[in-house]
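There are 2 protein chains.
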Amino acid sequence: MSKAIPEPVTKLIEAFSRLPSIGPKTAARLTYYLLREQDDTALVLAQALTDMKTKTRFCSNCFNITTQDVDPCAICQDSNRDQTTIVVVEEPLDVQAVERTGGYSGQYHVLHGVISPVNGVGPDDLKIAELVKRVEENTITEIIIATNPGLEGDATAMYIQRALEGKGVRITRPARGLPTGGDLEYVDSVTLMRALQGRSELG
Amino acid sequence: MSKAIPEPVTKLIEAFSRLPSIGPKTAARLTYYLLREQDDTALVLAQALTDMKTKTRFCSNCFNITTQDVDPCAICQDSNRDQTTIVVVEEPLDVQAVERTGGYSGQYHVLHGVISPVNGVGPDDLKIAELVKRVEENTITEIIIATNPGLEGDATAMYIQRALEGKGVRITRPARGLPTGGDLEYVDSVTLMRALQGRSELG
Chain A
1 MSKAIPEPVT
11 KLIEAFSRLP
21 SIGPKTAARL
31 TYYLLREQDD
41 TALVLAQALT
51 DMKTKTRFCS
61 NCFNITTQDV
71 DPCAICQDSN
81 RDQTTIVVVE
91 EPLDVQAVER
101 TGGYSGQYHV
111 LHGVISPVNG
121 VGPDDLKIAE
131 LVKRVEENTI
141 TEIIIATNPG
151 LEGDATAMYI
161 QRALEGKGVR
171 ITRPARGLPT
181 GGDLEYVDSV
191 TLMRALQGRS
201 ELG
Chain B
1 MSKAIPEPVT
11 KLIEAFSRLP
21 SIGPKTAARL
31 TYYLLREQDD
41 TALVLAQALT
51 DMKTKTRFCS
61 NCFNITTQDV
71 DPCAICQDSN
81 RDQTTIVVVE
91 EPLDVQAVER
101 TGGYSGQYHV
111 LHGVISPVNG
121 VGPDDLKIAE
131 LVKRVEENTI
141 TEIIIATNPG
151 LEGDATAMYI
161 QRALEGKGVR
171 ITRPARGLPT
181 GGDLEYVDSV
191 TLMRALQGRS
201 ELG
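First to last, the sequence lines map onto chains A and B.
Residues 1 to 203 (the UniProt record's numbering) are what the first sequence spells out, left to right.
Residues 1 to 203 (the UniProt record's numbering) are what the second sequence spells out, left to right.
So that you can see chain A by itself, here it is in the shape it has in the complex (with noise of 0.2 Å):
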């Protein structure tokens, strides 16, 4: 860029540029409204990044987000959670879908992402060994593996299932079918085709 942009700006759209779905146009606009605002949106930001890499880590038995205080994590501690039925999910993310719905009450495994030879990531960049070994130390009956449905969730289940034959615990996959709302004109073919096969009888 010309020199008339100074260095400090260049490296925060650099920096912006960085991270997933900004571009180097919406970094130089981020860049220019924190510029421009007399407030301290810009040193808030930055304070929260700070704590959050510093404050946070991933908790020793789940592996979803906790503080660096409280390990294991809050559910992971909560003694009126459900102890036998583990939710195995992608990301932490995916564990606040599942707690939203306010339908389940069990304790969770974050696998940190799916087996995906095309990334280069393997079993063993992911935590089913930790979640292999969580079941032969634990009682636990039933195992719901809830990564995304599609090839990359369905091969890291497929996988998983069989690190656990033989363990003695129940392994399930979330029901796959046509979204509640949804609208059969535009749900694409392959859901369509899962939910006629997974009919059930009515009443």
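Heads up, some of the hints might be wrong.
What the hints assert, rightly or not - To be clear about the criterion: a stretch of chain A counts as covered by chain B if any three or more of its residues have a C-beta under 8 Å from a C-beta of chain B, and this derived list gives those stretches:
1. 10–18
2. 36–50
3. 60–69
4. 90–104
Unchecked claim - What follows is a set of in silico ranges between Cβ atoms, one per label pair, in the way DEER data are often shown:
5. Pro149(B) - Met158(A): 54 to 60 Å
6. Met158(B) - Arg36(A): 22 to 28 Å
7. Gly103(A) - Asp40(B): 35 to 41 Å
8. Asp40(B) - Gly166(A): 39 to 45 Å
9. Gly23(A) - Thr139(B): 38 to 44 Å
By construction, these hints were calculated from the structure, which means they are not laboratory data.
Remember, it's a predicted structure, so these values are computed and weren't measured experimentally.
Ideal Cβ placement from N, Cα and C applies to all residues, glycine included.
Chain B: place on chain A using the hints.
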């Protein structure tokens, strides 16, 4: 949000949400991306934000961005540039846009906004008095008012024109017409009308 999300995480989601064009969902996605990243993306961004706020300032002459230790800015100090022409723009980003053309080597003046009664922005909120002062105290022969083509930009240009009346300076606006590479069929009718009104002889 549920107690399952540690405070540093919710705080970062909130901080991202304060940026323009970043909604709560994108904010959450950016936050969880940074949580997962093992590298220093988050801390680099935090440092860049802090540096930008603490190491930059507005040039006391043209109000473009400059660093704390360079004032007036590099453009104002450059004796190779034409000292008699000023392009007036709304935002520092507009300076970069004009610089990128490579076809202008005069001075700039950044208004930091446009007159906009709807948003409560009056002439006194902009750097208009400072522009008049520059014209009075220097040998300026032409002011090119390059506020955005549109209602507020045009109104601001007219206000500036009146403020500079009788000061012996030529006041111009960039040409309005069809964008190069544009398609007549897709050009809006105001632009097309302006282009027809502003037609010129061929050859």
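Against the structure, the hints:
For the region 10–18 of chain A, the stated coverage by chain B holds: 6 residues have a C-beta nearer than 8 Å to a C-beta of that chain, and at least 3 were required. Requiring three or more residues with a Cβ within less than 8 Å of a Cβ of chain B, the coverage given for the region 36–50 of chain A holds, as 11 such residues are present. Counting residues of the region 60–69 of chain A whose C-beta sits closer than 8 Å to any C-beta of chain B gives 4, which meets the bar of three, so the coverage hint holds. Counting residues of the region 90–104 of chain A whose beta carbon lies closer than 8 Å to any beta carbon of chain B gives 7, which meets the minimum of three for the stated coverage.
At roughly 59 Å, the beta carbons of Pro149(B) and Met158(A) sit within the given window of 54 to 60 Å. At roughly 24 Å, the beta-carbon separation of Met158(B) and Arg36(A) lies within the given 22 to 28 Å, and the hint holds. Distance hint for Gly103(A) and Asp40(B): a CB-CB separation of about 39 Å, consistent with the stated range 35 to 41 Å. Checked against the hint of 39 to 45 Å, the C-beta distance between Asp40(B) and Gly166(A) comes to roughly 43 Å, which is consistent with it.
For Gly23(A) and Thr139(B), the Cβ-Cβ distance of about 42 Å falls inside the hinted range of 38 to 44 Å, so the restraint holds.
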